[in-house]
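Starting from the two chains in their separate frames, assemble the complex, guided by the hints.
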Amino acid sequence: MSVGAAGDRHAKDGPVAHGFSAEKSASNAAREGKNASITFAPPACLIRCADRSSRPRHGARARGRSGATGAPAVRGLPAMRHKLGDGAMFDKIAGRALVPVGIVVTGFLAVCFVLLYAAIKQVVIHDSVGHANNLAGIVLKSTRYAMMKSDGELNGAIIRNIGEQSGVQHVRIFNKKGVVAFSSKQEEVNHQVDKKAEGCVVCHEKEAPVTSLGNMQKARTFKNPAGLEVLAITAPIYNEPECANAACHFHPAGQKVLGTLDIGLSQEAMLSSLATIRIEMLIFSILTLVLTIAGVITLLKMIVLVPMRKLQEFTERSERNSNTSRPTDLPYELDKIAESYYFIRIKLNEIEQRPFKTVDDTTVCQNK
Amino acid sequence: MEQADNNETGTLEHAACAPQATLRQGLIDEIKRLRRFSNRGLWALSLFLVVSMLAWRDFWFLPPAEEIVASLGAPPTPMVLSLVLVLYTFSAIILSLSRMMSGIRHSSSFCHVGYLGVFYLFYYFAQALADNYWAVFGAGFTILCMESYRIWTFCSDQVTKKQEQLAFLDRTGRLPPVEESLYD
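Listed in order, the protein sequences are those of chains A and B.
For the first sequence, our numbering begins at 637 and goes up steadily by one.
For the second sequence, our numbering begins at 113 and goes up steadily by one.
The following block holds chain B by itself, in its conformation from the complex (with noise of 0.2 angstroms):
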């Protein structure tokens, strides 16, 4: 009977327990992934300088930019790929501080890699590559770093707030309340 007593009061602290182990598990897999997650920005800019070596030895593996040309007609004149750059940087700058400034997740890295190798392309096909190959590239650079920067820091704190998180639900074996921030 005593026994039967027992079984059933760990049976109850076990059931108790599970949602907190859970829950912790959670936790400690959600700061994994932070983890994970902010390397990504670092993933990007290496892929970037990849793409950048490609361009450095001017697309050896492409066929001639006159037979790309002759193919699929002019490229846009140097000119204007030079200004559409500049307002690209401009606005990915932008865009990447006021995510920074409200906080808001958000993995764009990649795609940035996409279309500055398109704008090494589009200098190669229109013969200007020489000229303007620092120019994307320190674009590139530019805005890479500053989203691994956004990443890193969001990541960051992010991975502070579960700790605390966590720290709380071993304490008292529940989560916190959420709070509502006036500044969030």
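Okay, chain A solo, but in the shape it has when bound (with noise of 0.2 angstroms):
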């Protein structure tokens, strides 16, 4: 920065801190009876108004500038930054680090918590769906001897005692009318079910039906009367060559489907342990926020704020005093500022201290 440039910003600023002012040379001057000229001018820098109570302290560097300026065609600019630049908060080192911190970590924390959690969902429901696909299979396997042998009452009990297992909140079998012919609950047997309705339209959605499904496709959730939440598997029951060749009941050897098994289990556990998970998550997350924030906020201080503090002390302090050893623990950094701000200070105090002189007129004709 040029000198004039700085004189001039320093000028424009008015009232900037130094301990030195140019009423105070007037003063010194008068003390001294010389009512000449004086031949040391402080530098511009170095001048202050002796108004200090109209001295922003804090967070003021843009704010105590154009107040100064006395154009009056800027004068509406102040209101301008300040609604741009105002708020102490944001004027402050703390304000200004600490702000974008928070928002990338608690924003980024949030977005990982999120995905995380959806993804965990996901292969738990793909895991509680392959358990009871698995459960379908198995309770095909239990029904299929008595279904090879008609045996309808063994059928039904098997059907029966499933349906009592805890968690099982329906067993149907369907045949290919779409008739139940064995429920858990008596009260369904030879009822029609709707071939448009949920779990049924899945294979029914087009004239030909579809006669294979994937794990995932045999499933659907709904909640029921009772308002649980429940995961149902449609397991098809295909034909089998002992099928088609029993002697017991006929079916042709070209049907591929004979019935459907319908298989319902509460998601409760699984809600459960989702929801468990989901607050272990939240409670992991804003440990992590906390410590985070916590861990910046502390370094800050103790790197930063701190030293800043002892050297913004040490510069008010040295305006009232001009003995005021400077701080010894700073960092490197701030420590050069304070070293030079320390000798600015030693040099400006030995020139306070000589005597002024006055001015040789004719000396100074000499160098006109």
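Worth flagging that the hints you see were computed from the coordinates, not collected in a lab.
Using N, Cα and C, we set each Cβ at its ideal position, and we do this for glycine too.
Don't take each hint at face value.
Simulated pairs of lysine-lysine, BS3-like, Cα-Cα distance not exceeding 30 angstroms [unchecked claim]:
id: 1; chain 1: A; residue 1: Lys-777; chain 2: A; residue 2: Lys-813
id: 2; chain 1: B; residue 1: Lys-273; chain 2: A; residue 2: Lys-946
id: 3; chain 1: A; residue 1: Lys-946; chain 2: A; residue 2: Lys-777
id: 4; chain 1: A; residue 1: Lys-777; chain 2: A; residue 2: Lys-859
id: 5; chain 1: A; residue 1: Lys-892; chain 2: A; residue 2: Lys-937
id: 6; chain 1: A; residue 1: Lys-812; chain 2: A; residue 2: Lys-757
id: 7; chain 1: A; residue 1: Lys-972; chain 2: B; residue 2: Lys-273
id: 8; chain 1: B; residue 1: Lys-144; chain 2: A; residue 2: Lys-785
id: 9; chain 1: B; residue 1: Lys-144; chain 2: A; residue 2: Lys-937
id: 10; chain 1: A; residue 1: Lys-937; chain 2: A; residue 2: Lys-972
id: 11; chain 1: A; residue 1: Lys-813; chain 2: A; residue 2: Lys-859
id: 12; chain 1: B; residue 1: Lys-273; chain 2: A; residue 2: Lys-728
id: 13; chain 1: A; residue 1: Lys-785; chain 2: A; residue 2: Lys-728
Here are a few chain B residues that face chain A, going by a calculated C-beta distance under 10 angstroms [claimed, not checked]:
id: 14; residue: Gly-138
id: 15; residue: Leu-197
id: 16; residue: Val-198
Here chain A is said to cover these stretches of chain B; the calculated rule only asks that three of the stretch's residues, wherever they fall, bring their Cβ under 8 angstroms from a Cβ of chain A [unchecked claim]:
id: 17; segment: 185 to 194
id: 18; segment: 201 to 208
id: 19; segment: 211 to 218
id: 20; segment: 253 to 259
What follows is the structure in structure tokens.
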């Protein structure tokens, strides 16, 4: 920065704190009874207004300046500046540093939390559907012998027993026409099921029904009349050579699907596990967030804010008392600033203590 | 004769004042432009909130996801989308922080709204919007808040600088010399 610029800037700054004033130099000269012109002219940057009361104490980097310009046309601009840049929080180092850190850490943790939870939920649901499919397979294998023997009573007993198992909401076997042949609830037997109903529509959506489904396609979730979340598996009962060739009853070999098993399992346990996982993840995320923010605040305070405060106190003290010793335990960069300020202060004291010399008019003329 | 001299002096003063007035007006215009620009992040955030509201309503105006998938083909799986979302969020935050650090004037807020809208759409096509809505919303809110903060601090600094230049111009009739900063 050029001296002129510095001078201009500080003159514009108006109330700037330095401990030496034009007023003071004038009063010194008056004390010595010398009204002649003074050889020593303090640099413009060291001149300050005697009115310290108007000096803003904190965060007035922008605010303190425009008021002293004195240019009437600029008067409207501080309001504009205040609108944009005012706010003690954003003027301080702590505010400027912590706001982005807070936003970034909180936002990224929230995103990761939601995505991780969604991924875990998918895994748990997938796993749950796999288990339900296995259970449907077990039911089919259990009833196979009774079906081969066309033993309706045995089939009904097996279905009822499985339906009594805790967590099993319903077990039904439909025939090809969609009539309930066996059910854990006796009142459902011989009732026709709507092919457009949920669970049936997956295969019966088109004219030719789908005969093979993947694990996830067999599954559907719904709320039963009691308000419980139910995961239901619709497993087709395929025609096998033993079925087509059995002597007891006939199934043409060309018929691929003989009927359907529908088993519904309560999702209460799974939802409870998911809720536990969610709470644990939430606690973990909050702890991580608090630790990160606390760590950043602590480090920032320890490394930057406290030394800055010391430096600020040192400069403020030196304004009042020129013999103030500089703080010793500052970090390197701030120590260099304190050192420079300290030496400027010493030089200024030396200059202040020198007797003022009157200008020899003849010398001035000669110089001219 | 005297009147002619006066006229000439007036013309010269006017000529000297004209560039100063132009410079002054230019600075005031620049400050106004920066003020307008400082709201850009907030506009982008508002637009994102509108897009999020549409996503919250499950894009009711679009055809069902099954129809779109039938005509366009299967979308990426939700897992892949989530991985891409994490990568995108991470990169966008790092980019925003880098721009903030180097004080670059960059107005990229609105393109983020586009990217985030595409994430909403892809999750909708993959029928996983319900599970991942808050992830996209959180990512968008974080990125756009960062961008708003970056643009706002940049404009705030620039306005301060311009106001200093304006004050210097009013005092001296010229712009301050360009200073080379060691840190820019």
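Hint by hint, here is what the structure shows:
| no. | hint | in the structure |
| --- | --- | --- |
| 1 | Lys-777/A / Lys-813/A | 22 angstroms, holds |
| 2 | Lys-273/B / Lys-946/A | 28 angstroms, holds |
| 3 | Lys-946/A / Lys-777/A | 81 angstroms, violated |
| 4 | Lys-777/A / Lys-859/A | 28 angstroms, holds |
| 5 | Lys-892/A / Lys-937/A | 75 angstroms, violated |
| 6 | Lys-812/A / Lys-757/A | 35 angstroms, violated |
| 7 | Lys-972/A / Lys-273/B | 27 angstroms, holds |
| 8 | Lys-144/B / Lys-785/A | 90 angstroms, violated |
| 9 | Lys-144/B / Lys-937/A | 36 angstroms, violated |
| 10 | Lys-937/A / Lys-972/A | 19 angstroms, holds |
| 11 | Lys-813/A / Lys-859/A | 26 angstroms, holds |
| 12 | Lys-273/B / Lys-728/A | 18 angstroms, holds |
| 13 | Lys-785/A / Lys-728/A | 86 angstroms, violated |
| 14 | Gly-138 | 14 angstroms, violated |
| 15 | Leu-197 | 7 angstroms, holds |
| 16 | Val-198 | 6 angstroms, holds |
| 17 | 185 to 194 | holds (count 3) |
| 18 | 201 to 208 | holds (count 3) |
| 19 | 211 to 218 | violated (count 1) |
| 20 | 253 to 259 | holds (count 5) |
Of the numbered hints listed earlier, those contradicted by the structure are 3, 5, 6, 8, 9, 13, 14 and 19.
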